[in-house]
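Chains as they are written, first to last, in our numbering: chain A, 1 to 250; chain B, 1 to 262; chain C, 1 to 278.
In case anyone wonders, no lab produced these hints; they're calculated from the structure.
Positions of the beta carbon are idealized from the N, C-alpha and C atoms, including for glycine.
Possibly wrong hints are sitting among the right ones.
[Unchecked claim] Here are the computed lysine-lysine pairs in the DSS-like style, where the Cα-Cα straight-line distance is at most 27 Å:
| # | chain 1 | residue 1 | chain 2 | residue 2 |
| --- | --- | --- | --- | --- |
| 1 | A | Lys57 | A | Lys222 |
| 2 | C | Lys170 | B | Lys190 |
| 3 | A | Lys125 | B | Lys10 |
| 4 | B | Lys8 | C | Lys170 |
| 5 | A | Lys77 | C | Lys116 |
| 6 | C | Lys116 | A | Lys57 |
| 7 | A | Lys114 | A | Lys125 |
| 8 | A | Lys78 | C | Lys116 |
| 9 | A | Lys114 | B | Lys10 |
| 10 | A | Lys195 | A | Lys31 |
| 11 | C | Lys272 | B | Lys106 |
| 12 | A | Lys82 | A | Lys114 |
| 13 | A | Lys81 | A | Lys114 |
| 14 | C | Lys272 | B | Lys10 |
| 15 | B | Lys8 | C | Lys272 |
[Unchecked claim] Not everything, but these chain C residues come out facing chain A in the computed CB check (under 10 Å):
| # | residue |
| --- | --- |
| 16 | Leu187 |
| 17 | Ala188 |
| 18 | Ala190 |
| 19 | Ala195 |
| 20 | Tyr200 |
| 21 | Pro204 |
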Amino acid sequence: MSEQNIIEMNQISKNYERKIALSSLSFVVEKGELIALIGPSGAGKTTLLNLLATILKPDGGELIIDGQPIQQYSDQKKRAKKIGIIRQQFDLVGQLAVIHNVLAGRLADWGFFKSFLSLFIPQEKQAATLALERVGLPDKLFERTSNLSGGEQQRVALARLLMQKPEIVLADEPVASLDPARAEDILNMLTKLAKEEQQTVIASLHSVEYARKYFTRLIALKNGELFFDLPADQVTDKQLQELYQLKELN
Amino acid sequence: MFSFDLHKRKILTVFLLLLFMWSLFGVHWQEGVMHSSGIGTAMEIFAAMFTPDLSLDILYLAAESSWLTIAYATAGMSLALVLALIIGILASGVLASGKHSRSFMKGSFRGVLGFMRAIHELVWAWLFVASFGLSPYAAIFALAIPYGGILGRIFADMINDVPEEPIQALRAAGASRLQCLFYGYLPSVKNSMISYTMYRYECAIRSSAIMSFVGLGGLGYQIQLSLDDLQYNEVWTFLYFLIIIVVFIDGWSNMLRRRMAQ
Amino acid sequence: MKKRKFTFLTFSFYAFLLLIVASWYFVIGVKNASLAELFSKENMAYATKFFKGLFGVGQEDVAFMNRDSWSHAFKLTIETLQMSIMAIGFSTIVMFLTVIPASRNVADGTMTLSRKWYRWIVFGLIRISYVFSRAIPELVWAMIVIFIFKPGILPGAIALALHNFGILGKLCAEVIEDTDSRPIRNLASAGAGRAQILMYGVFPTVLPQFLTYILYRWEVIMRTTIVVGFVGAGGLGQEFKLSMSFFHYTEITLLLICYLILVIIADYISEKSRFFVK
Chain A
1 MSEQNIIEMN
11 QISKNYERKI
21 ALSSLSFVVE
31 KGELIALIGP
41 SGAGKTTLLN
51 LLATILKPDG
61 GELIIDGQPI
71 QQYSDQKKRA
81 KKIGIIRQQF
91 DLVGQLAVIH
101 NVLAGRLADW
111 GFFKSFLSLF
121 IPQEKQAATL
131 ALERVGLPDK
141 LFERTSNLSG
151 GEQQRVALAR
161 LLMQKPEIVL
171 ADEPVASLDP
181 ARAEDILNML
191 TKLAKEEQQT
201 VIASLHSVEY
211 ARKYFTRLIA
221 LKNGELFFDL
231 PADQVTDKQL
241 QELYQLKELN
Chain B
1 MFSFDLHKRK
11 ILTVFLLLLF
21 MWSLFGVHWQ
31 EGVMHSSGIG
41 TAMEIFAAMF
51 TPDLSLDILY
61 LAAESSWLTI
71 AYATAGMSLA
81 LVLALIIGIL
91 ASGVLASGKH
101 SRSFMKGSFR
111 GVLGFMRAIH
121 ELVWAWLFVA
131 SFGLSPYAAI
141 FALAIPYGGI
151 LGRIFADMIN
161 DVPEEPIQAL
171 RAAGASRLQC
181 LFYGYLPSVK
191 NSMISYTMYR
201 YECAIRSSAI
211 MSFVGLGGLG
221 YQIQLSLDDL
231 QYNEVWTFLY
241 FLIIIVVFID
251 GWSNMLRRRM
261 AQ
Chain C
1 MKKRKFTFLT
11 FSFYAFLLLI
21 VASWYFVIGV
31 KNASLAELFS
41 KENMAYATKF
51 FKGLFGVGQE
61 DVAFMNRDSW
71 SHAFKLTIET
81 LQMSIMAIGF
91 STIVMFLTVI
101 PASRNVADGT
111 MTLSRKWYRW
121 IVFGLIRISY
131 VFSRAIPELV
141 WAMIVIFIFK
151 PGILPGAIAL
161 ALHNFGILGK
171 LCAEVIEDTD
181 SRPIRNLASA
191 GAGRAQILMY
201 GVFPTVLPQF
211 LTYILYRWEV
221 IMRTTIVVGF
231 VGAGGLGQEF
241 KLSMSFFHYT
251 EITLLLICYL
261 ILVIIADYIS
271 EKSRFFVK
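Chain A extracted, bound-state conformation:
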């Protein structure tokens, strides 16, 4: 129970009607770690992330975030300051201008009138511009979000996270719909920004290559159970093969 632990999972289990999604999952996360969540489809990665995001409640076990049990985070605004999420797609409201989607990261702090006013006269424009510059989209401030490409939209989602400034960033297959070049671009940016902002990242990925390349620790799930939990450089190919039951192509 060290002060450094930002997440503690203790025997977490989650069931759906006929299926056990997660069973007796336990691990701890220190502040600032970059973790990749891997495993075959249906292993429970998304369920785990949704539990961490407090969208789902665990059926058993306890989950402690920054020293407080998960029940203390029922207030959405409090939770948003701690945990941010980026998903595969459909994060952003297509009809809004990019700047409004970015500024939406500040909604947890803004009251009703400021939020309303901002739709006509963007508030905190400088901060938003800075965020967009850091993700490499300085000139897209007033474009309609749906006009941007997939990779650009994910970058806007990253910019929104910059405005939100959560301590933990959860990423659910953030690059699954992007081509390799864009995917590496986003993962690079995600991990770089996280280091700059001193955030903890847990990202689920289906590519083990990316996991090894950009993250320092790999947690593997299979059938809802912890398969292994190792630093990235200690994971062997044999373990990965077993995890995915990949057949060698020879």
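Given the structure of chain A, go ahead and fit chains B and C onto it with the hints provided.
Frame of chain A; chains B and C shown alone:
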């Protein structure tokens, strides 16, 4: 810097708001808008909603008028369908041989359809009654013409929206224009046509109900009579019959649409 | 399963066929409506007289040649336009107030991420009011409203609005039901409260389609203004009825022309506004 694209809608909204406020000036608010007993009457009418007149002769009258309404609506709609199919197909231009004759056909028949639908069915009804006297045909034609126009225009649009490729394939196989129509266009739009016709049929029932204003009988006529007699309970009985019929047709058409989409 | 579907469709088909045959039989057989009678000599003579009257043949005081009548008609046209705008304005206001609780995905909590039991009751009540509103024709609403309000364009606008808010409400609720809830739920995960989710997530997404429906209903309302005028609700329609009772047929032609112009303009504006909505 501000892209016009993004602010188009805000401009439109502001413009519409201003337009709305301008419209309010048309009312002479100072002179008082309600009758002195206005609120009282409103309450009475509203309260009567819960106590419709369920006596046997009123129920019989309601049923009779309902049938009248339905019969006129159905007859009118069936005629409208025939008109719509003929003029609509012509207006889509798919039977035209060349580019010029096609645009001519499209333009002129669309114009005809536009004229048919521009005039409200009640105005048509009045025109027919004033010129030909009180006859059920006045109601039927008065329904058939505008509805034929509406259906025809939508049918023409649907036909125009059919993708070109399958039709060209048929042409390449040697089909004449008429054959293209039956083998290519109509099968694709058949479902949408039926679906839209059902939707309009519901509207036709309502229109038929108000044909009464030209003295042709039906639910609307009875409602008017009862209103004039201040018999609000009777009014609500007739209204309930109307609502039930409309909801029934609406439900039926929804079910049909869902079955057809499968 | 397939057999069931087949049976329902064919059943419907035959039911409608039966209905059509029954209706025509009723009209021709029972009511003895005769097409021949329609075109009888007397009727044709009368009809000819009527049409001559409309076009002002052989009359001294032809309304549509008269400058005063044109300016009078113009004033009425403007009033009718105002009536239609008021009507769509009232409908839109009521729609905005009721549309969110009337959507299924708000009632069952998927949109707002919270479940409250009373939401279904509110949903049901609003939807029933929509049904009442749509099922009762504008004219019937007008007949009722004229008992409460003095003649003018206000009762006309109210009657039209009473009929249309149900239609608009249902169409717009369906738009909300069809929106992708994912970006909206994502706003919640960024920390947005309920009102903020509405402002940033729901409205920007549904507004384009709402505007399309509002413009479409305005077009329809434009056509119906003449009808509510019949019962005393002002504008061109009321004048129409007056001219009818006085047998001033040329005035009627004049009013009809103005009416047609209005309808055409409304159609045109509605078309052009689509560009702004896109």
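Against the structure, the hints:
Straight-line distance between C-alpha atoms of Lys57/A and Lys222/A comes to about 20 Å, which keeps the hinted pair within the 27 Å bound. For the suggested pair Lys170/C and Lys190/B, the alpha carbons sit about 26 Å apart, so the restraint of at most 27 Å is met. Proximity of Lys125/A to Lys10/B is assessed by CA-CA distance (about 20 Å); at most 27 Å being required, the pair is judged to hold. For the hint pairing Lys8/B with Lys170/C, the CA-to-CA distance comes to about 26 Å; that is within 27 Å, so the pair holds.
A threshold of 27 Å between alpha carbons decides the hint, and for Lys77/A with Lys116/C the separation of about 20 Å falls inside it, so the pair holds. Between the alpha carbons of Lys116/C and Lys57/A the distance comes to roughly 19 Å, so the proposed pair stays at or under 27 Å and holds. The straight-line distance between the Cα atoms of Lys114/A and Lys125/A is roughly 13 Å, inside the 27 Å bound, and the hint therefore holds. As the CA atoms of Lys78/A and Lys116/C are separated by approximately 22 Å, the hinted pair is consistent with the 27 Å bound.
As the CA atoms of Lys114/A and Lys10/B are separated by approximately 18 Å, the hinted pair is consistent with the 27 Å bound. Taking the CA atoms of Lys195/A and Lys31/A, the gap is near 11 Å; set against the 27 Å cutoff, the hint holds. Between Lys272/C and Lys106/B, the direct Cα distance comes to roughly 21 Å. Compliance with the 27 Å bound is thereby established for this hinted pair. Taking the CA atoms of Lys82/A and Lys114/A, the gap is near 22 Å; set against the 27 Å cutoff, the hint holds.
This hinted pair checks out: Lys81/A and Lys114/A have alpha carbons roughly 18 Å apart, not beyond 27 Å. A hinted pair counts as satisfied when its Cα atoms are at most 27 Å apart, and Lys272/C with Lys10/B qualifies at roughly 16 Å. Of the supplied pair hints, the one linking Lys8/B and Lys272/C holds, its CA atoms being roughly 13 Å apart against a limit of 27 Å. Checking Leu187/C against chain A: minimum C-beta separation of about 6 Å stays under 10 Å; hint holds.
The criterion of a C-beta within 10 Å of any C-beta in chain A is met by Ala188/C, whose closest approach is roughly 6 Å, and the hint holds. Restraint check, Ala190/C versus chain A: the minimum CB separation of about 6 Å is within 10 Å; hint holds. Annotation: interface hint on Ala195/C holds; nearest CB of chain A at approximately 5 Å, less than 10 Å. Hint status for Tyr200/C relative to chain A: holds, with the closest Cβ pair at about 6 Å, below 10 Å.
For Pro204/C, the suggested interface contact is upheld, since its CB lies about 4 Å from the closest CB of chain A, less than 10 Å.
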